[in-house]
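> Here are the chains, one letter per residue:
Number of protein chains: 2
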Amino acid sequence: MAIRGAMGLPVVGMVGGGQLSRMTHQASIALGLSLKVLADAAHDSAALVANGVTVGEHTSLEDLRAFARGCEVVTFDHEHVPGGLLEALEAEGLRIYPGSAALRHAQDKLVMRERLAALGIPVPPFTPVATVRDIEGFAHHVGWPLVLKAATGGYDGKGVWVVGDAAEAAEVVASGVRLVAEQLVPLQRELAAVVARSPYGQGAAWPVVETVQSDGICVEVVAPAPNLSEERALEAQGMALRLAEELDVVGVLAVELFEVASDSGGSSLLVNELAMRPHNSAHWTIEGARTSQFEQHLRAVLDYPLGDTSLTAPWVVMANLLGGDDGDADLDRRLHMLFAKDPALKVHLYGKQVKPGRKIGHLTALGDDLEAVRRRAQVGAHYLRTGLWLQG
Amino acid sequence: MAIRGAMGLPVVGMVGGGQLSRMTHQASIALGLSLKVLADAAHDSAALVANGVTVGEHTSLEDLRAFARGCEVVTFDHEHVPGGLLEALEAEGLRIYPGSAALRHAQDKLVMRERLAALGIPVPPFTPVATVRDIEGFAHHVGWPLVLKAATGGYDGKGVWVVGDAAEAAEVVASGVRLVAEQLVPLQRELAAVVARSPYGQGAAWPVVETVQSDGICVEVVAPAPNLSEERALEAQGMALRLAEELDVVGVLAVELFEVASDSGGSSLLVNELAMRPHNSAHWTIEGARTSQFEQHLRAVLDYPLGDTSLTAPWVVMANLLGGDDGDADLDRRLHMLFAKDPALKVHLYGKQVKPGRKIGHLTALGDDLEAVRRRAQVGAHYLRTGLWLQG
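One line per chain: the protein sequences are A and B, in this order. Quick note on numbering: my numbering labels position 46 of the first sequence as 46, and the sequence is numbered without any gaps. Quick note on numbering: my numbering labels position 86 of the second sequence as 86, and the sequence is numbered without any gaps.
Worth double-checking, as some hints may not be accurate.
Remember, identical chains collapse to one label, so a pair may be satisfied in a single copy or spanning two.
Cross-link-like lysine to aspartate or glutamate pairs, in silico, DMTMM-like; alpha carbons within 25 Å at most [as the list claims (entries may be wrong)]:
#, residue 1, residue 2
1, Lys341, Asp308
2, Lys158, Glu168
3, Lys341, Asp303
4, Lys359, Asp134
5, Lys355, Asp330
6, Lys341, Glu245
7, Lys341, Glu92
8, Lys158, Glu57
9, Lys158, Glu259
10, Lys158, Glu230
11, Lys158, Asp108
12, Lys341, Asp330
13, Lys359, Asp332
14, Lys158, Asp326
15, Lys355, Asp215
16, Lys355, Asp328
17, Lys359, Asp156
18, Lys355, Asp40
19, Lys359, Glu371
Rather than coming from a laboratory, the hints here were simulated on the basis of the structure.
Based on the provided sequences and hints, a complete structural model is requested.
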């Protein structure tokens, strides 16, 4: 159903009012659109900056239906809309991208792992577990420590536990969440292959990146991943494009990868997680690629031909800005200092209340020298967080 | 007076809801802000995409005051706010950038020319004229044809007349507008030097560009201006930075220049017009420079240190998208075709009703080969306007 706004262009809605929605709105403006946002609250990150904001519940069929009926296509800032509700909307003929069948693989880690294993895509050894006995049985094969993950609802390290023995496992089991157990693989580093796919079936990949985590939260992304052979990069991109096709993803698909030592002395790739929306590992594309992931996501869900994914500089580094302990620090003053120190650093702030450890923005640096670029991003993020300049 | 919004960051207001305000809002999002807009109507270009929109009259002191009181600083999308109203707001302690004393030079061509002449900045020979006899007297010195310009209120070729004799001049005089007469200079081409200046006095210049006009409307901008010697480019940038300082401009200052043949066989520069706001001649900076004019304008009015103005590619070409004669053409369909043809072209649409000749968007191409880049921008703009592909 064609639902058109200004200039006769389609109306796009996004469920969720977080920073992904905020940055998608920013990109939508260039395309002649104004993103419609279904937000939890009027002070949500995207709700502060978009014109067409509805406050409602993403778990309410009624709210979702009313929102979706005003949009030509609806897409998502997060994976938290129950699949049953999406199926109901789809049955009513409303256009939802990615669709419920695809999205299930980003909502349920067990479904995803089973599907990927069936496709022959390498994943860490895993099994569904319900009891400590199940976990002990799995440990018999993969050893302790091992990883327990909530099958649904985890993010940013939440819902992931590394357990060293049966007693620790018992505590997690006691929490009552549905669990998947995984081998704790000896990873060398984490990578991400981010692609987009349109309903027509066109795919486009950005360069594979290295992601650096701290306490389960991504703190830094380096594009392209340093010291990654062209062969391995093509393998990762190919795997992501194939997954987008097999799972019928529409929009951005981020494939989080583990690079692990292989028996042959080289390395191999395992898929860790999937996200079917713009993803933190591709925020660098705003300045670092000719087409940002936010524009690309819109192009994909509108079935426009996809944009050029070339890099705009040899090296691009994104550093997440995490809230510091001094939540009432004068951020405006710190911005003055930071801009004076590094006029080329690009700052993105999400309008969020500052809480310790919360992602409240990100910084992007780019240039010819990887170590210099990386240092600039780190120095900037550390300064905005703490008010202190990293030395050395 | 500190008026703060999300994250304790300043609230910035822009008077006028046109595309400059729309693109400034887009840039404001990254800085953690949400531009407040005083628009003429709810369907104005910026009013469609910004969250904080007030519909009001930019000629009403009451509307301006109420708007400005909710902002830490107020700036402009156009020059049409009467100077007397700005002075009244300033007298009340409200922060207005650029200030009324600076803005006068962008509002009144006679004031601007007299001030520039007094500063020794080269301008075409000019004189205020009120009668046909005045014009004939001026023609005695500079010859026919000559140029008559409305001292205030002109834009995009409106308010400018080239008159070949006294009879034609009489028609313009009969219109009753206050006029400035100028020599019709033998221009080789038009250039623009765009800079920004902060209240602290920091200045930053983008590379000088060539602007191509058709029927008085800018249709294309090439950055940097081809075949411009470094000496001449530095002269133009220096002139613009000096003007920003002398006139106490805060924000973006665009200096439109004529390059004319000089007696020595070379060329020299004359200042044609000034604009004290983001300007069409710098739309290319969104993708073509590390800091866009919209971000820079915000940094300047907030007295943040200014951003890096480096080019992101050797050549950047912007083509304005003008409304075609088929105002109800399916723009969405044309976008599909255009994106398929040129995945690297960047499109900016303003959400405006399509009218023949109206600026409804712009396209930006960039790359290593000037003629190829220029062609891509032209082909794209022509196709979106007409539905036809330029051949050859």
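> For every hint, state whether the structure bears it out.
Evaluation of the provided hints:
{"no.": "1", "hint": "Lys341 with Asp308", "verdict": "between (32 Å within a copy, 11 Å between copies)"}
{"no.": "2", "hint": "Lys158 with Glu168", "verdict": "within (16 Å within a copy, 77 Å between copies)"}
{"no.": "3", "hint": "Lys341 with Asp303", "verdict": "between (42 Å within a copy, 15 Å between copies)"}
{"no.": "4", "hint": "Lys359 with Asp134", "verdict": "neither (36 Å within a copy, 67 Å between copies)"}
{"no.": "5", "hint": "Lys355 with Asp330", "verdict": "within (14 Å within a copy, 47 Å between copies)"}
{"no.": "6", "hint": "Lys341 with Glu245", "verdict": "between (45 Å within a copy, 23 Å between copies)"}
{"no.": "7", "hint": "Lys341 with Glu92", "verdict": "neither (55 Å within a copy, 35 Å between copies)"}
{"no.": "8", "hint": "Lys158 with Glu57", "verdict": "within (22 Å within a copy, 51 Å between copies)"}
{"no.": "9", "hint": "Lys158 with Glu259", "verdict": "within (22 Å within a copy, 63 Å between copies)"}
{"no.": "10", "hint": "Lys158 with Glu230", "verdict": "neither (33 Å within a copy, 56 Å between copies)"}
{"no.": "11", "hint": "Lys158 with Asp108", "verdict": "within (15 Å within a copy, 61 Å between copies)"}
{"no.": "12", "hint": "Lys341 with Asp330", "verdict": "within (17 Å within a copy, 48 Å between copies)"}
{"no.": "13", "hint": "Lys359 with Asp332", "verdict": "within (17 Å within a copy, 36 Å between copies)"}
{"no.": "14", "hint": "Lys158 with Asp326", "verdict": "within (23 Å within a copy, 54 Å between copies)"}
{"no.": "15", "hint": "Lys355 with Asp215", "verdict": "within (16 Å within a copy, 55 Å between copies)"}
{"no.": "16", "hint": "Lys355 with Asp328", "verdict": "within (9 Å within a copy, 49 Å between copies)"}
{"no.": "17", "hint": "Lys359 with Asp156", "verdict": "within (10 Å within a copy, 45 Å between copies)"}
{"no.": "18", "hint": "Lys355 with Asp40", "verdict": "within (18 Å within a copy, 39 Å between copies)"}
{"no.": "19", "hint": "Lys359 with Glu371", "verdict": "within (24 Å within a copy, 44 Å between copies)"}
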